[in-house]
Amino acid sequence: MDDLQKSIAQAIVNVFETGRILGDYSAVTVLKGDTGHLSYGRSQTTLGSGNLYKLLLSYCQKSTSNVAGQLQNSLPRFLQKDFSLDTDIGVKNLLKQAGAEPMMRAAQDQFFNENFFAPALRAADAAGITQPLGQTVIYDSHIQGGWGVLQPQMPALNTVGGEKAWIAKYVDKRKAWLQSLKSPLPGTAYRMDSFQTLMDDQRWNLALPLTVHGVTITAEALSGGTPAAGSPPRTLRLMSPYLRGDDVKQVQAKLGPDSSSDGVYGPFTDVLVKRFQAQHVPAIVEDGVGPQTRAALGL
Amino acid sequence: MTQFVWTFPTGSDRITELMGKCKLVFPLIAGLCVCLLQGAVLAAETNPLTFSPPQVSRGGSFQINLPKLKEGATPTFIHIYHDGQLVNPAPKADGFNVEVPADLPLGTYQVQVQAEKISYSGDIAVRPPGNGEIKLDPFDPAYTYETENIWIKPQDPKRPNTQSLTVALTLRGSGFVKDNPDDNTIWINGIRQNMKWGDYAAVCSDGAQQESGAVPSGPSGAVVSAEEIDLCHVTVPATRGLDVKAAYGDIEPAAGQKFTVYWMNTAIVAIIAFLITAALAGLIFLLLTLGKQTYKIAGEDYKWRLLFLDQQTDTYSLSKLQFYLWTLAAIFTYTYLYIGKVFVQGAGWPDIPGTLPGIVGIGAGTAIGSQVVTAANGAKGSGAEKPGFLDFITSGSVVAPDRIQMFLWTLFGVFAFCIGVLQKSPGIISGIQPVPDGMMYMMGLSSAGYLGGKMARKPGPVIMELTVTPGQSDDALAQGTSAAIDLPDFSQPSVVAASNLNSLPNVANANAQKAIDTFGSAIKAAAAVHTTSDVANLLTSLTSFQRDCESAAAGAATDFAAAPPKASSQEAAAAQQAAAFLQDFSADVTQAIAAAAAPAMEAASSAGSVARTIELRGSNLSTDGTFEIGHADLPFRMLVNQDGDNAPDAMARQDGGNFATVLRFTIDPAQLDATDLAQYQAWFGQDAKWLASLTNPDGQKADQSFSLPPETATPTQQGT
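In order, the protein sequence lines correspond to chains L and V.
Just so we're aligned, residue 1 is where the first sequence starts under the working numbering, counting upward by one.
Just so we're aligned, residue 1 is where the second sequence starts under the working numbering, counting upward by one.
Since the hints were made in silico from the structure, they are not lab data.
Please note: incorrect hints may appear among the correct ones.
Only some residues are given here: those of chain V computed to face chain L with a beta carbon under 10 angstroms [what the hints assert, rightly or not]: (1) 489; (2) 540; (3) 557; (4) 573; (5) 587; (6) 590; (7) 596.
It should be emphasised that the depicted structure is a prediction, and the values quoted were computed from it without experimental measurement.
By construction, the Cβ of each residue, glycine as well, lies at the ideal position given by its N, Cα and C atoms.
Produce the entire structure from the sequences given, and follow the hints as far as they go.
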């Protein structure tokens, strides 16, 4: 699995967990039950499990921001699993602010990579699964949970006709298992439906674009609004969900007074872009806002 | 040759005359007067006479000897009477020599002679040729239970038939007259029987048992030989005792032979004795059944079976079985004896035979000895969870020869003892035959062998309680936790979405308005979620709302791009924003649902990693034993004890050694390889009932079932 496939795999699971391709690094939720309580980040690290303390400790050790400094003071409460944090609005606001910091995003990426993605890849390797889609299925089981329960119930890979057949069987079994649990867990069986669709479409290599649970994952969507230094800006085009970001705002600002400035590349923005491209001399023939349009707009 | 004529003697004429007068004058006193006068006259005028020979054969002759008779005197008359009737035709006489006709019935005849105006009288017996005597042998057997209820045809044909209980007899002896059966006279209980000799074959059949085959009253007989007479239809008297006599003629012998018709035979008495024994045993069973005492083994109530149960091991006890069998045999045989003596024979209450305490003592001694050995040496293995008949010959499910031999000897001894008693019919039984010394010795040796084997054998495992912690299956643990999960919290996304909705301007374009309305509908749909099942539906509807809203936004954009424009830029922008807001809202809802499901999923995921302990409580639980669940081994490699070793924990050791009273098996699924984990999940993954077995190194084992979840909150067995 290469880096792009890894990003796609994580994006798929992000869609399942947050409805967003890149996840919601700022998401703060209070979960019910003794094992939950305050949860945070794109994959809902919980206070009750002790993992939230580990994540924040990693963040605070790397970040020198003011938010990190304030959260540092609350670290003992996270260590002690102080459930009064569930209702501490000040701390919850700090966590939301921290989610916008690249350092927190990096900390979360590293945390989830070490605690979930890497173990999932090892488990997949142990099970003989090498296809990126199969590895994504196993990663999803590590994020949502249940791999340890279901994997021992699976037959050996060589007895079911190979890797793809094994993954298909596992997806079926996992869907049945989710549906056997009490609500709201049966409602999450859509994850398996999404994987089944990808298998039916033979998307074993996670070739882009692909649509999961109504969300289309593209390279542009994966790159986000703030491309890494040195990398070219993403091409803006109409997709679902709409692309958003500062780069969209910049384009909207150049499209004239009729344009909105909400930073959403929706159908209205797309119409304005196409009108601009058509009215430009010479006309620009480009799908979305690519290098030519961007240059014509003076960006 | 003197010709006999029937004439009244002088005395008789006078009597007749007087009687006529008496009848006329004093009718009530006449009889008395006549009798007195007749007696006086006869006594005064009749002298005894003798005969030579004193008894005569039919066809022979006899000489009448008269005392003081002048020489040449002849009899005035010679009258011979039989049963008061003058014999007619009269036998021929030559002087005082009388010839007996060949067809004269046997019997005693009164001879009256008058000579020289003096009357003489005497009795002479007419016997069969040869002057033999009937000799009746004692009956063998002198009793019977077989009677026949026959229909009797009355002499008056106008009267209805009656029934009579009769019996058939076989008389054995000597001197029976076959050629002329009427010569054989039968008396029963002093009554001369009116025998019918010619119709035996026709009458003495089963036909008389039907009313259509009714026969005349009185017995029928057939002289089989001089040594045997068969009788049928002999009426059974109320006393059921028959005093049977046989002789020639009409002189009833002084002594007869006794015969008894019993109203109960061996089978009936045995059945009654059995029923009484069963009733006594049933009384015990009834008390146990009606009583509040209950004992449960693996959920099954044990009441009357408690009698045979060794509650220490929950197995059937051989020593108790032996004790009860011998006790019942003693009761049965004594009841048989009692009924025979008291009700059949009419004798007194029989004393307890000396042999009974001995056989009951063997059973009691074995039972007590068994308890002593168990207390000293430890209990046998409990074997299967529920007691079964195999317990009588096994110890901890291992076949024990010492138990087999005692089991067999007990069954044989009881059977032989009862059969031996029944060999004596209730009519003649006088006591219970003692068990032969050799047999008593053998049974004692058998019990000693049983106790010796019990003492030599190692104690076996007994599981009184088995507890699995946690008691729920992995699935139940997962579901039990998820059941506590509340609905996803959509409040925050809904507040944000409502705010966004309010921020949108009023529009006139239909597509823009549709996009905004669809966004509003999605918010309402989320607010309408009241049950966990609504959550899954919301996910589906949100996808639909999102698709419709994006389509409407695209339509508004198209309207904006149309020439002339059908929508303003504000309207197209508002539609785009509505679709974008709905995408955000849908993502927030998805995230909220995922967040709400996280604790349930964590529980469900961790259920399979919960370490389980199986704790056995009982006795003689070997730490080196083999433990099975559902007939599959639980290998030591799957265990982890408190020291971190792959072995069970002896939580409470029993008198040192390798036995424990509390034995704990701990399984940590996180440390199992795939194969063992699969076995672990097969055992504990789903709700199920399993049979667990602990087998000690010597092969004795104990079974105990358990279920996930536990069937009751109480231990698997209890006494209340």
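Which numbered hints fail: Hint check: nothing fails, all pass.
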